[in-house]
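Participant: Quick note, the sequences are listed as chains R and G, same order.
Each residue of the first sequence is one higher than the one before, counting from 1 in my numbering.
Each residue of the second sequence is one higher than the one before, counting from 1 in my numbering.
None of these hints come from the bench; they were simulated from the model.
Note that the structure is a prediction, hence the values are computed from the model and not measured.
Hints may be right or wrong, so weigh each one.
[What the hints assert, rightly or not] BS3-like, lysine-lysine: derived pairs with alpha carbons at most 30 Å apart: (1) 26(G) <-> 376(G); (2) 215(R) <-> 371(G); (3) 26(G) <-> 165(G); (4) 190(R) <-> 53(G); (5) 387(G) <-> 190(R); (6) 190(R) <-> 345(G); (7) 345(G) <-> 322(G).
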Amino acid sequence: MNLSKNPNLRRYLWPCAGLLLLLLINAIIAPEFFHIEFKDGRFYGSVIDVLNRAAPVALLAIGMALVIATGGVDLSVGSIMAIAGAASAYYITKGVDNLAIIIGAGLLAGLIAGAINGFLVGYMSIQPIVATLILMVAGRGIAQLMNEGQIVTFDHAGFAFLGTGDFLGLPFPVVLVIITFVIVQLLTRKTALGLYIEAVGANPSASHYMGLNAKAIKMSVYCVAGLCAALAGMIAAADIKGSDANNAGLWLELDAILAVVIGGASLMGGRFSIFLAVIGALIIQTLSVTIILSGIPPKFNLLIKASAIIIVLLMQSPLFQKQLSQLNIWKKKEANHA
Amino acid sequence: MQNQSAQPVLQLKGIHKIFPSVHALKGVDFNLYAGEIHALLGENGAGKSTLIKVMTGVYQRDGGEILLEGKPIFPNNTGDAQDLGISTVYQEVNLLPNLTVAQNIYLGREPRRLGLINWNKVNRDAQELLTGYDLDIDVTLPLSGYSIAVQQLIAIARGVDMSAKVLILDEPTASLDADEVQSLFRIMRELKARGIGIAFVTHFLDQVYAVCDRITVLRSAQLVGEFEAATLSRSELIGHMLGKELAELGEHKPQVKTENADALLDVSGITRTATLSPIDIKVGKGEVVGLAGLLGSGRTELCRLIFGVDKKLGGTVIFNGKAVNFSSPRDAIDAGIGLCPEDRKHDGILGQLSIRENMILARQIKQGWWKFISRKEQEAIANQYVKELSIATSDIEKPIEQLSGGNQQKVILARWLAANPSLLILDEPTRGIDIGAHAEIIRLIRKLCDQGLALIVASSELEELVAFSSKVIVLRDRNKVAELDGSDINPQRIMQAIAAS
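The shape of chain R in the complex, shown without the other chains:
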C-alpha cells in the first residue's frame, strides 16, 4: 500500500483511522459498546446512540464543509438552529397541524438566514467571520422574539417524529443525515458545482479569469449551510418538544467547524469532502462517549477532548508527517548499521 503516492487516499486515512481507534478503545473499556439490540422495529445500542446524537453536528458539518471550501466560515449556524426551531414552534402553537407548513417554515427561516449571510459575504465582500457573526448574535434575539421570551413547549406527534421517530430501524435524525448527505453529494459531485466551489476557494482570482461567478457560488453555499442548520434546529426542537431560543444549538457552530477541520479541510479554502466532515462529527461525538465510558472524572472532559483533537490534527499535518517519516528512516538506518 503506497499511501504517500496517492494524496486522495491519504486524505481519508487519518480521520477514518482516528474514528476506528476511538471505537476500538470504546469496545475495550466497555465490551457492550458494539452490542446492538433490535426491539419494537428499532435498533438500540451505544453505537446507534452515538449516531443519533452526532446527527445535528453532522448536518451542520455538511453545510460548513462547503462554506469552508470557498474560504469562508459560518458562525451563525447555531443561531439559525434556534431560529428554525422557533419558526416551527410558532406555527405549532398557533394551531397549525399541517406538517408541511411547520417544516417548511423552519426550512424557509434557515434559507433566508443563509441568504443574508451569502449576500453579505458574496455581494458585499464582508469578511465571512464578521458577516456571519452578525447573525450569530442577532439570530438568538430573533428567535427570542418569535418565542416572546419564553421557552415554548408543544405537542405535535408528526413534528416530534423528526427528533424521536425511526425509519427502517434507524433513528430518524440519522436518516435525515443520510438523505442530506446523498443529496449534497450528488449535487456537488455529479454536477460541476463541487469543482466550482473548490476552484473559488483555491484561487478566487484565477476563477474569475475563467468566468466563474464567485458571488453566486458563495451565496449558494451559505444557503445550503442555512438549510442544513434549519434541519438540525428542527431535530433539536422536536427532540425536546420545545423551542429554547437561548440554548438550542448553542456553540454547535464551533463543533461543526471542528468536525470539518478534523476531516482534513483547510480553513483557507479549496478541497472539501462532506464525507470526511461527517466522520469528523462522529469523532467528536464518539470521543465524548469514550470519556464517559472510561470513568474519568467529568472535570477532565474538556481537556481530554482538546488533547485528542490536537493529536488528530497533528497526524494530518504534512509537516508532522514528514518529520515522523524522517524519524522512521533514521531508525531504519540505525537498524541497518546494527
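Let chain R serve as the given structure and place chain G on it in line with the hints.
Facilitator: Structure of chain G alone, referenced to chain R:
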C-alpha cells in the same frame, strides 16, 4: 563620481539562486561604490528583485559571495542586513501607518531614560532629522496622515539614520507624481554626496538618466553588463534589457494571411481613461498579433479590456461579425475567447487542484455546471493535452503547484485549448519559465495559428514577437505608437518604436 580604483562598498560576485522550479540568478555580479547612484534594470522576471532579496537577507544565496567593504557577509534576514548597514526602502512603505512619524523613525531603538522611553527626545530628534531632509512635518502625527511620497522619504530617513552605508530603493517612484519624484531625487543626490551607495530599481528610463551614474542590466537571470549612464544611449539600453540577438528560435516566418483574412476581432478606440488611451486592433483568423512595449506600457491593460476583465469606457468591439460588449470574462469565454494571464500564480493556476481539474475547468464553465464532464472524459482530455503539449508529468492527478513554471503554463494553455476558443490572448506566456519550455511554447503558438486559431500575444521579448507575429503593435505610455508588419517586424524597428521619444 566615484573613484573606480577604490573597492566597492558592496560587491556581489557570481551570485546564484535556485528555486525548486527555476534558476533565478545565474552567477550575477553587482558592484556598488560609495557615493554613487546605481540603477538596477531588467524586465520582470530578469532577476532584479531576487538579487535585492539576496542582498538584504530575505533569501540566502546558493552560490557566490557578498562583500561589504571587502569583508564577506552572510545576512540571514533583513535585520542582519540593516545591522550591517544595508537599508532597503520598498515601493510599498513597510512602516506602521497607525504610529506617529517619530515612533516609526525610532521603532525598536527608542532612546531610553531610566528604562522608560524618552518620548520628548524621540520627537525632538525625529523633527531634527527630518528638517535635515527639508521635510517640515509634524512628527507627532500618525504616519498614515502623510502622502506615500512623504512616507517614502521618512522610510529613507529612518534607514539612513540607522547607519546605512548602502541604501536600496526598490521601485520607490512607482506611486509618486512628478514633483514628488523630484524631491526624492534631491534627497538621493544629497545622500550620494554624503558618501552613501544607492542602488535604484525602477522601470522608468527617464528617471534612470536623470539621477543615475551607472547602470547594471539583468536579463533572464543573467548579468548583461555594467554601463556608464553618460555613455549608454537609450536604445542601446533597451536593447540590453530586451535582448537584441535573435535567439535559436529561427527566422522570422510569420503566418501572413493578412490580405485575405476576415477580421475575426475588430477593436476600435477601446479605452479606459487613466489606464489606456483609445486603441485600435484588428486580428484575422490564423493571425498572430504581437503586443510589444515595456512593462507598464499598457499591454496587460489592453488584454484585460478585450477579455472583459475590466470594463471598457469607450470604443467598439466587433467579434465574429457581431458587435459585442463583454461585461465579464464569462461573456468573452462564451463568445469564444480565452486569456492566459500574465501573473500565472495569482491569476492562472488553481494550486491545490489537480492537473486534470485545472485543464477541464474552462470548458466545464463554458458548458454550464449541470452538463458535467464525466470523470472519464476529463481524463481523456487531460491525457490528450499532456501528450500533445508534452507536459512533463507522470500523473494527471498531481496538484498543479508541484509542476515547474513551464509545465504549469502549458496546463493553462491546455485549459483554454480544451474550451475550444477562436481567439486566444496570451499575456507574457513565457515569463519565468526555462529556455526549453520557452522554445516549446513558441513552437506551439506557431502550430496553433497554422490550425486557424487567432492569437494576441503580449511579450517583452522581442525575438519572441519577431518569431511568430504577423503584425506587431507597439505600445508606449499606454498609447499605441506603431503598427508594424511584413519586413518591418524586426527587433531594431520594434526597439526604435519603443524608445522613440
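Participant: All hints, please: hold or fail.
Facilitator: Hints and how they fare:
no., hint, result
1, 26(G) <-> 376(G), "violated (44 Å)"
2, 215(R) <-> 371(G), "holds (21 Å)"
3, 26(G) <-> 165(G), "holds (26 Å)"
4, 190(R) <-> 53(G), "violated (47 Å)"
5, 387(G) <-> 190(R), "holds (27 Å)"
6, 190(R) <-> 345(G), "holds (29 Å)"
7, 345(G) <-> 322(G), "violated (34 Å)"
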